[in-house]
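Undergrad: Chains as they are written, first to last, in the working numbering: chain F, 1 to 352; chain X, 1 to 352; chain A, 1 to 397; chain P, 1 to 397; chain C, 1 to 106; chain U, 1 to 106.
Mixed in with the good hints, there may be bad ones.
Computed list of chain P residues with no C-beta within reach of chain U, every gap over 12 angstroms [to be verified]:
1. HIS51
2. ILE57
3. ALA83
4. SER144
5. CYS169
Okay, the calculated beta carbon distance ranges per label pair [as the list claims (entries may be wrong)]:
6. F:ASP248 to U:GLU83: 23 to 33 angstroms
7. A:GLN234 to F:GLU29: 11 to 21 angstroms
8. F:ARG20 to A:TYR270: 33 to 43 angstroms
9. C:ILE76 to A:ALA145: 22 to 32 angstroms
10. U:LYS9 to P:ALA145: 40 to 50 angstroms
11. F:LYS228 to A:GLY244: 20 to 30 angstroms
12. P:THR327 to U:LYS60: 51 to 61 angstroms
13. P:ASP10 to X:LYS292: 34 to 44 angstroms
14. C:LEU6 to F:LYS228: 36 to 46 angstroms
Computed from the model, here is a short list of chain X residues facing chain U with C-beta under 10 angstroms [to be verified]:
15. TYR27
16. LYS189
17. ASN192
18. ASN197
19. PRO240
20. PRO243
Source of the hints: derived by calculation from the structure; they are not laboratory data.
From a predicted model like this one, the values you see are computed outputs, not experimental measurements.
Beta carbons are placed, not taken as given, at the ideal position from N, Cα and C, and that holds for glycine.
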Amino acid sequence: MPTDIGPPDFKTMLPPMIQRNYGKWRYHEILEPGLMVHVGETGEALYTVRAGSPRLLSTDHIREICDIAEKYCNGYLRFTSRNNIEFLIEDKAKVAPLLAELKAKKYPVGGIGHAISNIVHTQGWVHCHTPATDASGPVKALMEEIYEYFVTMKLPNHVRIALACCLNMCGAVHCSDIAILGIHRTVPKPDNTRIPNLCEIPTTVASCPTGAIRGDSKTKTVSVNNDKCMYCGNCYTVCPAMPIADADNDGISIWVGGKVSNARSKPMFSKLAIPYLPNNPPLWPETVAAVKNIIEVYASNARKHERVGEWIERVGWERFFNLTGIPFTDKHIDDFDMATETFRSSTQFKWR
Amino acid sequence: MPTDIGPPDFKTMLPPMIQRNYGKWRYHEILEPGLMVHVGETGEALYTVRAGSPRLLSTDHIREICDIAEKYCNGYLRFTSRNNIEFLIEDKAKVAPLLAELKAKKYPVGGIGHAISNIVHTQGWVHCHTPATDASGPVKALMEEIYEYFVTMKLPNHVRIALACCLNMCGAVHCSDIAILGIHRTVPKPDNTRIPNLCEIPTTVASCPTGAIRGDSKTKTVSVNNDKCMYCGNCYTVCPAMPIADADNDGISIWVGGKVSNARSKPMFSKLAIPYLPNNPPLWPETVAAVKNIIEVYASNARKHERVGEWIERVGWERFFNLTGIPFTDKHIDDFDMATETFRSSTQFKWR
Amino acid sequence: MAKSDTPLLDQLGGGKWPSFIDDMKQAAKKKPMAKDLLGQLELSYKEKIGHWKHGGIVGVKGYGGGVIGRYSDCPEKFPNVQAFHTLRVNHPTGWFYKTEALRNLCDVWDKHGSGLTNLHGSTGDIILLGTTTDHLQECFDDLSAKGFDLGGSGSALRTPSACVGPGRCEWACIDSLDTCYNITMSYQDEIHRPMFPYKFKIKVAACPNDCVASIARSDLAIIGTWKGDIPIDQKEVAAYAAAGLDIQKEVCNLCPTRCMVYNGRELKIYDEDCTRCMHCINLMPKALRPGPEKGATLLIGGKAPIVEGALLSWVIVPFMKLEPPYTELKDLIMKIIDWWSETARSRERIGELIKRVGMRTFLRAVGLPALPQMVKSPRTNPYVFFWPEDIKQKEVK
Amino acid sequence: MAKSDTPLLDQLGGGKWPSFIDDMKQAAKKKPMAKDLLGQLELSYKEKIGHWKHGGIVGVKGYGGGVIGRYSDCPEKFPNVQAFHTLRVNHPTGWFYKTEALRNLCDVWDKHGSGLTNLHGSTGDIILLGTTTDHLQECFDDLSAKGFDLGGSGSALRTPSACVGPGRCEWACIDSLDTCYNITMSYQDEIHRPMFPYKFKIKVAACPNDCVASIARSDLAIIGTWKGDIPIDQKEVAAYAAAGLDIQKEVCNLCPTRCMVYNGRELKIYDEDCTRCMHCINLMPKALRPGPEKGATLLIGGKAPIVEGALLSWVIVPFMKLEPPYTELKDLIMKIIDWWSETARSRERIGELIKRVGMRTFLRAVGLPALPQMVKSPRTNPYVFFWPEDIKQKEVK
Amino acid sequence: MPQIELAGKTYEVDEDGFLQELDKWNKEFAQAYAKNEGIEGQLTEEHWKIINYLRDYFQKFGIAPMIRKLVKDNGIDMKRLYELFPTGPAKGACKLAGLSKPTGCV
Amino acid sequence: MPQIELAGKTYEVDEDGFLQELDKWNKEFAQAYAKNEGIEGQLTEEHWKIINYLRDYFQKFGIAPMIRKLVKDNGIDMKRLYELFPTGPAKGACKLAGLSKPTGCV
Ligand code: SRM
Ligand code: SRM
Ligand code: SRM
Ligand code: SRM
Ligand code: SF4
Ligand code: SF4
Ligand code: SF4
Ligand code: SF4
Ligand code: SF4
Ligand code: SF4
Ligand code: SF4
Ligand code: SF4
C-alpha cells in the first residue's frame, strides 16, 4: 500500500457551481434562519442550508445525510468549522423541498447570522482519559434548552459556545463567547510504587505550570506540594500514576467574553464567570441554567452587533456580575504569572 | 533632644486665606501662563503664580525666594509635587508686581495647564552611586530648549517629563508622557576577591530579575551568565563588588506615553521609544533633540486634551514610529516575563 | 416493557436538538463495540467519572501517529471496548464532500470499527471512533484504497485546516483551501512521523473574520488581508441605508479606528487609518469589499493553556503574497520549525519557546525584521538586551 | 581672564531655565564642600562616569535611617567631599512653608552642610545635600530645635506625601493633607526605625487626577473619589459653551464611558455608568463637581521596575470614608504591614509579594472581600485554586 | 495486567506491550518483542545501536530523547529509522529498549 | 582603605568602620568599636546575645536577618534594641558583629 497519499484533493469534492465561481463570489445574503445565498460574478447563486449535527455521528446517520444531499444537492455537501452540516444547493427550486424534508427529519436548521451555532466540543467520557466532565452530554442538554437561538436570529450578534472536558481545552473554549470547561479540584496523589516504571521524572516535574511537583531522580519518585497545585491535570497527562479524577469534586466552570474574529474588537480570551458547578448528569441542570441566564442577560442588554465580550467590556465587569447575579469571588482574581496585568490599576470603576 | 517629633504641622504653614477656605474652594481659572486663581465659597480669591526651579537649590537661592514671598505673599509659599515654586497671593494687587519681579529675576513663570511642567528628576552624578547618566545636567539642557512650552499653554494637554539616572527609577519615569532613563549596557564583572567580605550571596543572587547570577555559598563568590544579563544594575545595588558603570556604554533611553491621572484614560506605563542615546555631556544634544522631536510631533498631531499616550494609542504605534522617524528595532519588543501581553494578537494594524 | 440498560443516557435521547445518544444506539444495534460503549458511558454517568485507562500507543506500519490508543478500565464489564482506538483521518480541505467519499468512509468503518465517528474533530480530522488493535492496519489499508490517509497526532505537524474561503465566500483574500492543501501535501512526512518537540498546528483563514479560529487554535495562523483602499459602491451603500441599516450607528460608530464618515448620502473611509477589521464589509457585503492588493498576515504561537497559559497568535509577518507554489511561505515555515526543533525543550510549543527566549532571538534566527506591527505597544520594562555588536568593546591593552 | 576649572559645567550655567550650576557656584563661593562637588562633577562630565563610592551607612542616634551615606571615590582630588552625606528631612505636608521655616533650614544647613539642597526629593523630603559624618548628629539636633525631623530611608515607612488637596483645590474629596499628616505622625517609629522587609510608601491624592502620582509611586495609594451623581450647574455649562468650549467634542466624546449626553442646551450624565475619571469636571470646574458622598479608593502595590517589573497600584478597597482619627484606615494599614512583614522575603515590596502569593491569599490575610472593582477583568487562565472548605473531603474509611 | 513469559522469565507488560518493571529488561525481551513491532528475524547491529542509545539516554537523563536528536546523534534519517522500526521510534524502538511508555503529546 | 589597630592587630575597615576581612572579626574588635556606635563602657550580655545571634544567622544563611525577625527571635522590642545599639541594628549591631555592610534599600 502506498503511504503518505494525503487527503483527497478538495477540488474533486467541490460542486460544479463552486468550481465555476471559485474565488469569484460577489456577495451573500442571509435569507432566513439557516439559509443563505452566495452570488458569484457570473450571476450564479449558490444556496446553503445549514443544519445542526450532534457531531458524534453513526455511519447510518451519515448515510442519511448523504441521501439528502444526493436528493437535493447532486451529492455535494460540506461540514463547517463548527461541525454543522451545510447542504450546497445549485438549483433554487430544491431549497424549499430540502427545508421541508429537514424539518420532517427533525434536523434543526439555523446557526447562521445572529444566532447560536453548534457547540464546539470534545470527547469527554466517550473517549478521553483526562476528562473532568462529559462533553456530548452537557452539549446536548444545553442545546435542547437554547435551541430557539439556533433556529432564529434574534441575538445581538452570533454567540459561539464551546465545551472542553479538561484544561487541555481541545477546542475553542479559551476564546469563546461562552465556554464550558471541565475542571478537576483534587490534588493528584502520586503512586510512587508505579511511577519509577511508568513515568519520566523530569517530564513530570516540568509538566507542572506552578512548580508544585518535586522529583527525586534517584528513587524515581515525585511528591506534590498541595498548596501549589491547582489541579490542572497536566502531570497526569504525562504520568499515568498521578490520578486526578474525583467524582465528588470534578465539575464545570463557565467562561465568557472570548472571541477570535478581528471584527471591531481584537480577539479576546474568555474570562472566568463561574468557578464551579457540580457534574450533574445526565442533564447538568446547573450548567444549563447558568449558560442560559448569561445568554438571556446578554440578549436583553447588549447593543446590536456587540459580541458577549464587547458588551461586557463596554458596561464593565462590575455590571456583568451585577446583571447576571453571579457572585464574584477571590477565584475570579487571577493569581497565575501575569495576574498583575488584570488588576484594576485605576480608580475608574463602577459601583455595580 | 526629643526625637520623633515629625514634620512641622502643615496647618501652621498655611496662609490665612487658605485656612479660611480650607476644603471649601469653589472653582479655579487659569488666567494666563503660570497664573491661576482659586475662588472659595466665601468669594475670596487666592492667586497662585507658579515659577520654575532647578530643584537643586543653594541656601542663598532659597533665601531669595523667601524674600520674594515675603514681599508679595506675606511670607507664604509652597512647592509643587513637580518641584515648582508656587507663590500664594492673597492680595490681587500684588500679582502684577510679583510677575514683574520674577521676570526681572529671570524666574520662568508657567507650567500650568496645557504646558510642559518642571522635569521630575533624580541625583545623577551629583550624589548617587549607580547612575548611568547625570540628572540635573540633561534636565537643564533640555528645559533650555523646550522653555517655550513651559511659559505658554499651546500643547494639546500637559506633558509630564521625568528623568531617572538608573533603572531604580527614583521618580515618575515609568508613567510619564516622556521619560529619560539612564541605562547601563555592560555586564557587571564580579570581583570575587572582594565579594566574600562585602556581599551577601543569597541577596545578590536574588537581586537579579533574569536569574543571571549564580552563587556559590561555600566559596562565597558569584558568577554572571552574560547572555541573561540586561545590565539593570540591581546586583550592584546590593553588592558593591559588581561594578556596572562603563563610560563607553552607559547612556540614555527615551520612553513615551505614560500617565498617572485617571482623567479619560487609565494610568499607563511609559513605553520604549529610543533604546539608546549616548551620554554626551554637558549638553546631551542627541537626547535633547530626540525629546524635542517627540514633543513637536505630538504638538502638531494630537487632538486637544489628548495626552501623549492617548494620542499614540489612538493613532497606533506604527504611526508614532512613522511620524517621529524613530526606527523600530527588536529592542522595542518586550522579552521580559509578561512579554506576550504586548504582542499583537490580532490582524488589526496599520501599514505605517 | 423491558427496563432500559441506560436510564440516564435515555434522558438525553430524542428532543429538538439531534442526540448523540440516538446515534450511539443506532450503531449499537449492529455493533457490540458501540453497545459496550453505551454501557460504559452509562456507568460514567452514574459514577460521574471516566472509565478509560491512561493513554495507549498503537499505530500502523510506517507511521508514528494518527491513532489514539484507548483501553477500558473495566473490560470485564465491557469486553468489546477493552481496546477502543481512534483513527484520525485527514479531511478533504474545507470539509467538502461528495457523498460517495463519505459513503466509502462509512463502509470501511462499518467493516473495521464501532460505526461511530466525529465529523469532525477539533483539529479538523475525520474521527473514526473506536476499533481494536488488530483492525488498525487493515482499516488503514482500506482507507488508503479509498483515497484517504491519516492525519497528525503526537509531536508532529497536525492536520492543517482552512476556512471555506474562495470556495464560497466573497471576502477571501487568499486561497485558503489551496494553501492548506498544498501545505498538507508538502508535509506528509512531518504529519505522519512525529519528530518535533511537540505538536504544531497550522490553520488558514482567508480573511480577518477568521472562521477557523486560527488565531486561537494554531501555532501558525495564516490570515488573509489586503492593502489599498476599500472599494465603495455608493449606490449599494444607499440601498443598505434604504433597507434600514443605520450606517452611522451600526457601521461607523463600531469601526474600531473610527475612520469612516457618513454624511447621510456618501460613505468615506480614511483608509490609511483602517485596520481591516472587516466590520463594515461584514455589514455591507454588496457595497464594500477588501482592497485590491491581497495577501496574508502570518501570526505565530496560538495555543491552549497548558503549560504557560493560553496564547493568541501574534503577528510575525504583516503581509506576504501567497501564490502557488507558496515558496516564500514554505521556506519560512521550514526555518521556523527547524529553529524550534533545535531550540525547544520537549513538550514546548513554539509560542512558549518564543516567550522563553524572546522575540529578538526568534526574529534573528528566522531572518525576519522587527516591525511595530508585531506589537500592541513597545515594552514598558527597561530590561533591554543589546547585541554584542551594539556595545563598544573595551580595548584589550 | 583665568581659565575656568569647570569648562563643561559652565556651558550649563545661565540661560533661560534656572541653572543648578549657578546654584552650585553660588554655594561654592562660601562652601569648600560645594566647590569640591563642582570639581568632582566636572570630572564626571569629562569622564562620563560617576565618582561616588558604593553606599555608606551613617546616621544619627536612635534612628535607623534618614541619612544617605556617600563617599567620593577620588578624595585625594576632592577632599571636601570625601564624605558627603545627605539628610532626608520630612517636609511639611503639602510642601507649604512660611518663609521663616525655610530660613531656619537654610541657617542650619549653612552651619553644618554644603549649603545645597533639593526642594524636594522624589519621595517628598527636603534633601539636605552633603555633609560629613561628624556633623550629622549636630545638624539633626539643630533641625529638631527648629521643629524639623528626619524622613524615611531604608526598609522603613517612607515619608508620606499628599497633593495640595483641600488646601487649594476645589476637587478634594478627602482631606489629603490631614490624612497624610496624621499617618506621618502616627507612624514616626516606622519611619525612623526600619524593620520592614523593604521600603513602604504611602501617598494621598484627594481626587482621581492624582497630582502626587500616588498610583505609580506608592505602595499604598489613597485617592479621593465619590458616590452619587455629579451635580450639574446648567447655567455654567451654557457659559462654558458660550465661551467656546465644544462640549460635545471636548467633553462628551472624551468621556471614557460615553455616559454624557449634550443636546446643545443641557448636559445629562448617566451617573451609574460614570467611572469618575474627572475629565468633564476638569474641563468645567464651575459647572460640575464631584458627587455628594466623599471617600477614598485604596490601591496597593505601586512601584518602580526593580525586581519584577514596575507595577501600578491596584484597587483593594473601592470606597472608604476617611475622617479623623482614620481608625479604619490605620487598622487596615497595620494589618497589611503586619502580613507583609511576616510573609515577604527580604527586599520584596508588597506588590511583588501579592504577585507571588496571589490576591486571594492577601485578601484573606487582611480580611477584605473580593470585589469586581479590584480587577480589569476576571482571570483568563483556568488555574484556579480552591480553598480546602470548597472541596468535598474523602470519607476516611 | 498482561504478562508474557520468555525463556522461563515472566514479564509484566501493559496492553501495548510496554514493560512494567523496567529493571527486568534484557536483550531477550527486546528480541522476543521485535516481531510484534514488525521486525522480521534477528535484531541487527543497527537496531541495537538505536536501542542502546535509547537506554543510555534514558539512564542518563531520565527521559526519552526527542526524535530529532535520536536521528541526529545516530547519523540516520527518519526513513531509515522507520525501516528499522516500522511501528516508529515511540511505539517500536522505545518498547524494545525497555523505556517507560511515551506519554503526553498524542 | 582605612585601617585600625587594636591590641597589636591591624584591621581593614571601610569609611563606615565596617570590617573588610570578615574572618578577622573577634570580640576585641566588637568591644573596641562599641564606643563609636554610642555604646558606653563594656558590652553587656544583652549586647552579646544580639551580636552572637547576628553572627550565627549570617553564618547559617549568608545574610543578615530582617530586623523584625531579630527582634522577635531575641524577645526584645525596637526600643530596647535602639537603647542597646543607639545607631541602630544595621549600622551599629551588624558592624560590631562583623557582618558585611548592609546594602540595598536606603
Ligand atoms: C461556514 C463557516 C466557515 C467554514 O469554513 O466552515 C463560516 C462562514 C461564514 N462566516 Fe464565519 N464561518 C464559520 C465560522 C466562524 C468562526 C469560527 C468559530 O465560530 O469557531 C468565526 C469566529 C468566531 C469568533 O469570533 O469567536 C467566524 C466569524 C465570522 C464573522 C465575525 C463576526 C463578528 O462580528 O465577530 C463574520 C461576519 C459576520 O457574521 O457578519 C463571519 C461571516 C461568515 C460568512 C457570512 C462569510 C461569507 O460571506 O460566506 C459565512 C456565513 C455566515 C454565518 O455563518 O453566519 N464569520 N465564523 C463557519 C461556520 C461555523 C458554524 O457552523 O457556525
Ligand atoms: C500643584 C499640583 C499639586 C501639588 O500638590 O503640588 C497640581 C495642581 C493642579 N492640578 Fe494636577 N497638580 C500637580 C501635579 C499633577 C500630577 C503629578 C505629576 O505631574 O507628577 C498629575 C498627574 C500627571 C499624569 O497624569 O502624568 C496631575 C494631573 C492633573 C490633571 C489631569 C490631567 C490629564 O488630563 O491627564 C488635572 C486636570 C486638568 O489639568 O485639567 C490637574 C489639575 C490640577 C489643578 C487644576 C487642580 C486645581 O483645581 O487646583 C491644579 C493646577 C493645574 C495645573 O498645574 O495645571 N492635575 N497634576 C501639582 C503641580 C505640579 C507641577 O508643578 O506641575
Ligand atoms: C480529538 C480531539 C478533541 C475532539 O473531540 O475533537 C482531541 C483530543 C485529545 N487531545 Fe486535544 N484534541 C483535539 C484538538 C485539540 C485542540 C483544538 C485544535 O486543534 O484546534 C486543542 C487546542 C489547541 C492547541 O493545540 O493548543 C487541543 C489541545 C490539547 C492539549 C493541550 C496542548 C497545549 O499545548 O496546551 C493536549 C495535551 C497534550 O498534548 O498532552 C491535548 C491532548 C489530547 C488527547 C490526546 C489526550 C491526551 O492527554 O493525550 C485527547 C485524546 C482524546 C481521545 O481519547 O480521543 N489536546 N487539542 C481533537 C483532535 C481531533 C482532530 O484531530 O481533529
Ligand atoms: C533622593 C531620591 C532621588 C531624588 O533625587 O529625588 C532617591 C535616591 C535614591 N534611591 Fe530612590 N530615591 C528617591 C525616590 C524614589 C522613588 C520615587 C518616589 O518615592 O516617589 C522611587 C520609585 C518609587 C518606588 O519606590 O518604587 C525610588 C526607587 C528606588 C529604588 C527601586 C525600588 C524598587 O522597588 O524598584 C531603589 C533601589 C533600592 O531600594 O535598593 C532606590 C534607591 C535609591 C538610592 C538610595 C540608591 C541606592 O541604590 O541605594 C538613591 C540615593 C541617592 C543619593 O545618593 O542620594 N530608589 N526612589 C528620592 C528620595 C528623596 C526623598 O526622600 O524625597
Ligand atoms: S479537553 Fe481534555 S478531556 Fe477533553 S478531549 Fe481534550 S484532552 Fe481529553
Ligand atoms: S495537577 Fe497540575 S498543578 Fe497539580 S501537581 Fe499536577 S501539574 Fe501541578
Ligand atoms: S535613579 Fe538610580 S542613579 Fe538616580 S538617584 Fe535613583 S538610584 Fe540613584
Ligand atoms: S546587572 Fe541586573 S541583569 Fe545583570 S547580573 Fe546584575 S542584576 Fe542581573
Ligand atoms: S474567514 Fe473570511 S474568507 Fe474565510 S469564510 Fe470566514 S469570512 Fe469568508
Ligand atoms: S474594515 Fe474595520 S477598521 Fe476598516 S473601515 Fe471598516 S470598520 Fe473601520
Ligand atoms: S489630586 Fe485632585 S484634589 Fe488633589 S490637587 Fe490634584 S486635582 Fe486637586
Ligand atoms: S467623570 Fe469621567 S466618566 Fe464620569 S461623566 Fe465625567 S468624563 Fe464621564
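Undergrad: Now, for every hint given, state plainly whether the structure supports it.
TA: Tested hints:
1. HIS51: holds (15 angstroms)
2. ILE57: P:ILE57 not clear of chain U: closest Cβ-Cβ about 5 angstroms, inside 12 angstroms.
3. ALA83: violated (7 angstroms)
4. SER144: holds (16 angstroms)
5. CYS169: holds (33 angstroms)
6. F:ASP248 to U:GLU83: 23 to 33 angstroms: violated (59 angstroms)
7. A:GLN234 to F:GLU29: 11 to 21 angstroms: holds (19 angstroms)
8. F:ARG20 to A:TYR270: 33 to 43 angstroms: holds (37 angstroms)
9. C:ILE76 to A:ALA145: 22 to 32 angstroms: holds (31 angstroms)
10. U:LYS9 to P:ALA145: 40 to 50 angstroms: holds (42 angstroms)
11. F:LYS228 to A:GLY244: 20 to 30 angstroms: For F:LYS228 and A:GLY244 the Cβ distance comes to about 57 angstroms; the hint is violated.
12. P:THR327 to U:LYS60: 51 to 61 angstroms: Violated - the Cβ-Cβ distance for P:THR327 and U:LYS60, about 41 angstroms, lies outside 51 to 61 angstroms.
13. P:ASP10 to X:LYS292: 34 to 44 angstroms: violated (23 angstroms)
14. C:LEU6 to F:LYS228: 36 to 46 angstroms: Holds, since C:LEU6 and F:LYS228 (Cβ atoms, about 44 angstroms apart) stay within the stated range.
15. TYR27: Not OK, violated: X:TYR27 not within 10 angstroms of chain U, min 43 angstroms.
16. LYS189: Since the shortest Cβ distance to chain U is 18 angstroms, the answer is violated.
17. ASN192: violated (14 angstroms)
18. ASN197: With Cβ-Cβ at 5 angstroms, under 10 angstroms, it holds.
19. PRO240: With a closest approach of 7 angstroms, the X:PRO240 hint holds.
20. PRO243: This hint is violated: X:PRO243 lies away from chain U, its Cβ roughly 14 angstroms from the closest one there, beyond 10 angstroms.
Consistency with the previously given hints fails for numbers 2, 3, 6, 11, 12, 13, 15, 16, 17 and 20, ordered from lowest to highest.
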